[in-house]
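**Student:** Sequence:
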Amino acid sequence: MTKQIVFAIALFITIGAFSYTINRIVSFFRFTRPAFPVKNFGRRINVMLSVAFGQTKIFRKPVIGSFHALVFWGFCVIIFGSIEMVIDGLTGTERILRFLGPVYNVVIASGDIFALLVAISIVIFLSRRLFFHIKRFEGIEMKKSTHLDANIALSIILILMISLLTMNTAYVGYKSLMGESKVGIYPISSAIADFISGGSAESFRLMYEASWWIHILLIFFFANMLPYSKHFHVFMSIPNVFLSRLDPLGKLPNMDNITREVKLMLDPDTAFAAQATDTPVERFGVKDAEDASWKNYFDSLSCTQCGRCTSVCPANITGKKLSPRKVMMDLRARMKEKGPLMVKNGRDFNDNRSLLRDFIS
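Each residue of the sequence shown is one higher than the last, beginning at 12 in the working numbering.
None of these hints come from the bench; they were simulated from the model. A few of these clues could be false.
[As the list claims (entries may be wrong)] List of simulated lysine-lysine pairs, PhoX-like, C-alpha gap at most 25 angstroms:
#1 332 with 146
#2 355 with 298
#3 332 with 155
#4 241 with 186
#5 154 with 355
#6 68 with 241
#7 155 with 306
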């Protein structure tokens, strides 16, 4: 019962902190401009299945893209076990979803295999960042804190996979020594348990409890770290793909304000008509965070800072200082800075800073 109480408190704190953060971020969207109507849901679902779940864009770089896809698919499978752990933690049960039978066995076995594959992939990702100094990971916008953020997030994922394998290994080892039948199939963990079969049942039990708590508490911590990290795309990427612009990339939308001005100039009767005195002066383009559309801000939250956009930007390739990645990072940083002030003081609040001058120049 004590375990359930401690777990419930940890879960309550996690949900509370996460809800506060997400509510704060969502509140900033009301200061952004409209983008495009979200319709054609059938096509959007197809794009989401292809790009988000199928990882088709990632496979443009087949080798490293394959490792990224393994991590994504691994998370999709492993999250099943995480949900089960939450239910078990609250109810005091063990492997409560076992009633799913063969489906449970397939999912658990897949998760066990994916845990190893994800761990290997993360080691490769960390090695690329620490030792190979990939060009697109560099840039004036990539500060030491940015690299540290990526390394910490990847390290946490690696520890999550190790703790999951340790937990499964201890579970298999304990059940084997106690002569009890285990629930689920664990191809990787069973092999590891056989390799370290010299341990006692009590040591396996303690190993299981320790790794169980490490794994679930790290998930809780990671969930609340992500909104402040570049790895927020773990949550944001799938909905962002669903909300993609479906028009051809070369199609330029008409600006209502410009269209109206052109019509006024072409109409002799209204060309020089005076505007109403209470009409606010409109600002064209994006000078500050509130001038960006909701989709621009959503993109900035979903940005992985991988640099693929900048690496294929014609201006950047030819030596210009333009960096699409920096634009996204600066928009997110500026909204993080000004958003709370606008929530408190209103959209017209002026802190004598702007995205265009103080972040992008």
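**Student:** Where does the structure disagree with the numbered hints, that is, which hint numbers, in rising order?
**Tutor:** Checked against the structure, the hints that fail are numbers 4, 5 and 7, while the rest are satisfied.
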